[in-house]
Amino acid sequence: MSIANTAHSVVEPSRNTRRLAGSLVVLYAVITMIPLVWIVLTSFKSPDDAISYPPKVFFTPSLEGFCNLFTTRSRQTPEFIRTLGPPQGLCDDIARSRNMVVAGPSNYVPRFVNSLIIAFGSTVLAVALGTLSAYGFSRFRVPLKDDLLFFILSTRMMPPIAVAIPIYLMYRTIGLSDTRLGMILLYTSVNVSLAVWLLKGFIDEIPREYEEAAMIDGYTRFQAFVKVVLPQATTGIAATAIFCLIFAWNEYAFAVLLTSGNAQTAPPFIPIIIGEGGQDWPAVAAGTTLFLVPIVVFTVLLRKHLLRGITFGAVRK
Amino acid sequence: MNDLSASSRITYGAVPLQPGLVRRVRGLSDKALAWLFITPTIVLLLAINIFPLVWTIYLSFTNYRANRSNAPVKWLGIDWYQTILTDPDIWAAMQVTAHFVFWTVVIETVLGFGLAFLIDKKFRGHGMWTTIILLPMMLSPAVVGNFWTFLYQPQIGLFNYVVAFVTGRSASSFQMLGDVTLSPWAIVIVDAWMWTPYVMLICLAGLRSIPDYIYEAAEVDRASKWRQFWSITLPMALPFIMLAVLFRGIENFKMFDMVNLLTGGGPGSTTEVASITLKRAAFESWRTGYSSAFAIILFVTVFGLANIYVKALNRVKSR
Numbered sequence: 001m002s003i004a005n006t007a008h009s010v011v012e013p014s015r016n017t018r019r020l021a022g023s024l025v026v027l028y029a030v031i032t033m034i035p036l037v038w039i040v041l042t043s044f045k046s047p048d049d050a051i052s053y054p055p056k057v058f059f060t061p062s063l064e065g066f067c068n069l070f071t072t073r074s075r076q077t078p079e080f081i082r083t084l085g086p087p088q089g090l091c092d093d094i095a096r097s098r099n100m101v102v103a104g105p106s107n108y109v110p111r112f113v114n115s116l117i118i119a120f121g122s123t124v125l126a127v128a129l130g131t132l133s134a135y136g137f138s139r140f141r142v143p144l145k146d147d148l149l150f151f152i153l154s155t156r157m158m159p160p161i162a163v164a165i166p167i168y169l170m171y172r173t174i175g176l177s178d179t180r181l182g183m184i185l186l187y188t189s190v191n192v193s194l195a196v197w198l199l200k201g202f203i204d205e206i207p208r209e210y211e212e213a214a215m216i217d218g219y220t221r222f223q224a225f226v227k228v229v230l231p232q233a234t235t236g237i238a239a240t241a242i243f244c245l246i247f248a249w250n251e252y253a254f255a256v257l258l259t260s261g262n263a264q265t266a267p268p269f270i271p272i273i274i275g276e277g278g279q280d281w282p283a284v285a286a287g288t289t290l291f292l293v294p295i296v297v298f299t300v301l302l303r304k305h306l307l308r309g310i311t312f313g314a315v316r317k
Numbered sequence: 001m002n003d004l005s006a007s008s009r010i011t012y013g014a015v016p017l018q019p020g021l022v023r024r025v026r027g028l029s030d031k032a033l034a035w036l037f038i039t040p041t042i043v044l045l046l047a048i049n050i051f052p053l054v055w056t057i058y059l060s061f062t063n064y065r066a067n068r069s070n071a072p073v074k075w076l077g078i079d080w081y082q083t084i085l086t087d088p089d090i091w092a093a094m095q096v097t098a099h100f101v102f103w104t105v106v107i108e109t110v111l112g113f114g115l116a117f118l119i120d121k122k123f124r125g126h127g128m129w130t131t132i133i134l135l136p137m138m139l140s141p142a143v144v145g146n147f148w149t150f151l152y153q154p155q156i157g158l159f160n161y162v163v164a165f166v167t168g169r170s171a172s173s174f175q176m177l178g179d180v181t182l183s184p185w186a187i188v189i190v191d192a193w194m195w196t197p198y199v200m201l202i203c204l205a206g207l208r209s210i211p212d213y214i215y216e217a218a219e220v221d222r223a224s225k226w227r228q229f230w231s232i233t234l235p236m237a238l239p240f241i242m243l244a245v246l247f248r249g250i251e252n253f254k255m256f257d258m259v260n261l262l263t264g265g266g267p268g269s270t271t272e273v274a275s276i277t278l279k280r281a282a283f284e285s286w287r288t289g290y291s292s293a294f295a296i297i298l299f300v301t302v303f304g305l306a307n308i309y310v311k312a313l314n315r316v317k318s319r
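As given, the protein sequences belong to chains A and B, one line each in that order. Per this note's numbering, the very first residue in the first sequence carries number 1; after that it's consecutive. Per this note's numbering, the very first residue in the second sequence carries number 1; after that it's consecutive.
No wet-lab data here; the hints were simulated from the structure. There may be inaccurate statements among the hints.
Stated by the list, open to error - Sample of chain A residues with no beta-carbon within 12 Å of chain B, all distances over it, derived:
#1 S14
#2 S23
#3 F70
#4 G85
#5 P87
#6 V101
#7 A103
#8 D204
#9 L258
To be verified - No farther apart than 35 Å at their CA atoms in a straight line, the calculated lysine-lysine pairs in the DSBU-like style are these:
#10 K304/A - K74/B
#11 K121/B - K225/B
#12 K227/A - K56/A
#13 K145/A - K121/B
#14 K74/B - K56/A
#15 K317/B - K304/A
#16 K145/A - K225/B
#17 K121/B - K311/B
#18 K311/B - K225/B
#19 K227/A - K304/A
#20 K122/B - K304/A
#21 K31/B - K225/B
#22 K31/B - K227/A
#23 K122/B - K225/B
#24 K121/B - K317/B
#25 K225/B - K317/B
#26 K145/A - K122/B
#27 K304/A - K121/B
The C-beta atom is built at its ideal place from N, Cα and C for all residues, glycine as well.
My request is simple: use the sequences and hints to build the entire structure.
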């Protein structure tokens with residue numbers, strides 16, 4: 001029997017099983033990566049290469065997509081272009097080869113900056129509020145604790161469009177429409193439920209005895225919270241912050257319905273990048289690539305806490 | 001042991017904190033502190049979630065239109081609810097949503113559990129490959145959904161090219177996003193691509209929670225691998241699978257961003273999931289009262305289904 005001829009534990013999979021499992025998983029991983037690799041490749045293609053048939057895997061790299069992402073251009077006659085001085089920089093050079101001149105910067109950078117400000121602003125607020133509440137729920141006897149926690153979670157179950165209707169009206173009335181502050185408050189309210197649930201899990205894991213010992217040594221409860229609990233919860237707070245950051249960074253439904261210019265973030269902007277005669281795919285791909293890079297970095301940083309984050313702390317490892 | 005080392009560390013650090021906020025907070029009792037800590041969150045949620053929800057409920061009983069905010073508001077009672085529940089378009093949207101939720105959850109659960117089962121075999125490098133597989137779910141559904149429209153282009157898209165290459169059909173003979181029968185599947189494919197890793201990660205936690213000694217006992221009893229899978233692996237991982245199904249079900253019932261960018265509900269209304277219908281009614285035809293009523297119906301549906309499901313989940317867990 002198999003028990004007799006295996007030296008290792010009976011539940012360890014055999015070498016062949018492992019190889020087969022490994023190759024199937026690698027096959028899935030490779031297939032699932034193709035769309036992402038294709039985005040990055042397309043961002044370095046010229047518009048002609050991007051829409052060639054059959055699709056090109058090997059091509060001469062071009063920065064035209066990135067140039068088109070960051071600039072707006074206007075079409076000019078060759079005669080007019082000849083009257084201009086030497087091209088100013090690489091992008092002007094590329095534009096002129098297509099009978100265009102760079103007219104100015106595009107809106108991508110302001111939208112990207114909006115995304116940064118709104119994501120970081122709402123994350124700081126949500127994590128600050130979340131840490132306080134999580135500590136309160138974790139350590140104190142709060143009346144209706146379970147109901148309050150469930151209430152906090154349930155705010156997350158509403159379809160975003162359903163919430164957007166009254167928010168739209170409310171913001172219009174109090175003048176928060178299309179402002180960064182409005183979006184920060186909105187994203188904070190969505191993220192705070194995640195923050196409370198996740199952080200409560202992390203703080204529950206810190207033994208109460210630490211604070212009790214500190215309080216015997218003369219700390220007040222608040223000092224014990226600041227000096228003992230917060231340092232112990234650093235990892236949890238960091239992981240929660242990254243989850244909030246990713247949500248706010250990726251959010252689209254509220255952004256597309258509630259912002260139009262001033263406070264518009266990158267997700268509603270990237271799909272409307274158009275060139276002459278339709279979508280400028282290399283520019284869209286370039287915008288997408290730059291937008292996705294921070295998330296890839298964060299995912300690698302977060303990999304140990306991912307499970308907790310996506311289940312609101314319901315599953316811990 | 002832990003307690004000892006902790007208290008010694010604390011004694012070292014027992015210097016008085018800076019004055020200011022701390023001094024004011026210092027004298028508070030635990031009860032006051034608890035409320036001080038919890039109230040800001042509750043106030044924020046009341047202001048930005050509950051107040052608007054109450055407002056939506058109010059609007060759903062009126063003929064208010066957001067683009068004519070000066071017009072007199074008339075109380076309509078439950079008229080909108082009756083209109084919606086008997087509207088064939090709404091039922092069509094609910095069917096589209098049901099199709100989307102059902103197939104994405106089935107595909108993601110089967111693929112996700114399968115992947116988790118394979119990864120649990122702990123082959124070399126499984127940690128790195130797991131991280132790679134997880135990437136799609138962390139990305140922005142809108143931005144990625146938008147890019148899939150490029151992959152789905154009939155003439156130049158990579159997806160069509162690969163399908164044409166494999167099946168021998170012409171790459172421009174089918175339109176994933178423009179065809180009435182294919183477009184509901186086009187959105188299912190993108191969602192499955194994005195969220196299978198999510199189900200996989202939760203299932204993996206389930207599989208890893210099964211202690212080895214149970215399998216060892218089964219080996220001693222000479223249970224076949226097949227039998228072990230059906231009698232140990234699957235039942236013990238079931239609460240986790242159900243949790244994943246719950247989360248995916250709720251999320252996909254609310255699905256908006258990816259579908260809005262891939263098809264915008266089209267062609268016609270073949271991929272018009274509930275959220276798209278809601279957005280069209282609320283922000284394109286500006287029927288605020290009507291859409292508020294629909295929003296409340298959707299919310300109650302999600303909430304009700306989630307509650308029933310959580311009860312079932314708890315029953316499985318306690319078994």
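Now for the hints, and whether the structure bears them out:
1. With a least beta-carbon separation of about 9 Å from chain B, S14/A fails to lie farther than 12 Å from that chain, contradicting its non-interface assignment.
2. The claim that S23/A is not at the interface with chain B is violated, since a C-beta of that chain comes within 12 Å of its own (minimum 8 Å).
3. Distance check on F70/A: its Cβ is at least 17 Å (rounded) from any Cβ of chain B, clearing the 12 Å threshold; non-interface status holds.
4. With a minimum CB-CB distance of about 37 Å to chain B, G85/A clears the 12 Å threshold, and the non-interface call stands.
5. Consistency note on P87/A: stated as away from chain B, and its beta-carbon is indeed over 12 Å from all of that chain's, at 30 Å minimum.
6. Its beta-carbon lying about 28 Å from the closest one in chain B, V101/A satisfies the requirement of being farther than 12 Å from that chain.
7. In this structure A103/A is separated from chain B by more than 12 Å, as the shortest Cβ-Cβ distance comes to about 25 Å.
8. The claim that D204/A is not at the interface with chain B holds, since no C-beta of that chain comes within 12 Å of its own (minimum 15 Å).
9. Once the 12 Å rule is applied to beta carbons, L258/A is inconsistent with being away from chain B; the minimum gap is 10 Å.
10. The straight-line distance between the Cα atoms of K304/A and K74/B is roughly 55 Å, outside the 35 Å bound, and the hint therefore fails.
11. Using a Cα cut-off of 35 Å, the hinted pair K121/B and K225/B holds, with the two alpha carbons roughly 14 Å apart.
12. For the suggested pair K227/A and K56/A, the alpha carbons sit about 58 Å apart, so the restraint of at most 35 Å is broken.
13. About 41 Å separates the Cα atoms of K145/A and K121/B, which puts this hinted pair outside 35 Å; it is violated.
14. Distance check on the hinted pair: K74/B and K56/A sit about 60 Å apart at the alpha-carbon level, beyond 35 Å; violated.
15. The straight-line distance between the Cα atoms of K317/B and K304/A is roughly 25 Å, inside the 35 Å bound, and the hint therefore holds.
16. Distance check on the hinted pair: K145/A and K225/B sit about 45 Å apart at the alpha-carbon level, beyond 35 Å; violated.
17. Distance hint between K121/B and K311/B is fulfilled; the C-alpha atoms sit about 32 Å from each other, no more than 35 Å.
18. Proposed proximity of K311/B and K225/B is supported: the alpha carbons are some 32 Å apart, at most 35 Å.
19. Taken as a hint, the K227/A and K304/A pair is honoured in the structure, with Cα atoms around 26 Å apart against an allowance of 35 Å.
20. Under the criterion of a C-alpha separation no larger than 35 Å, the hint pairing K122/B with K304/A is consistent with the structure, at around 16 Å.
21. Between K31/B and K225/B the CA atoms are separated by roughly 56 Å; this puts the pair beyond 35 Å, and the hint is violated.
22. Note on K31/B and K227/A: the hinted pairing holds, with a Cα-Cα distance of about 20 Å set against a maximum of 35 Å.
23. Annotation: proposed proximity of K122/B to K225/B holds, straight-line Cα distance about 17 Å (limit 35 Å).
24. Note on K121/B and K317/B: the hinted pairing holds, with a Cα-Cα distance of about 25 Å set against a maximum of 35 Å.
25. Only pairs whose Cα atoms come within 35 Å are accepted, and K225/B paired with K317/B is accepted, the gap being roughly 24 Å.
26. With a C-alpha separation of about 41 Å, the suggested pair K145/A and K122/B falls outside the 35 Å cut-off, and the hint is violated.
27. A C-alpha spacing of about 19 Å is found between K304/A and K121/B, which places the hinted pair at or below 35 Å, so the restraint holds.
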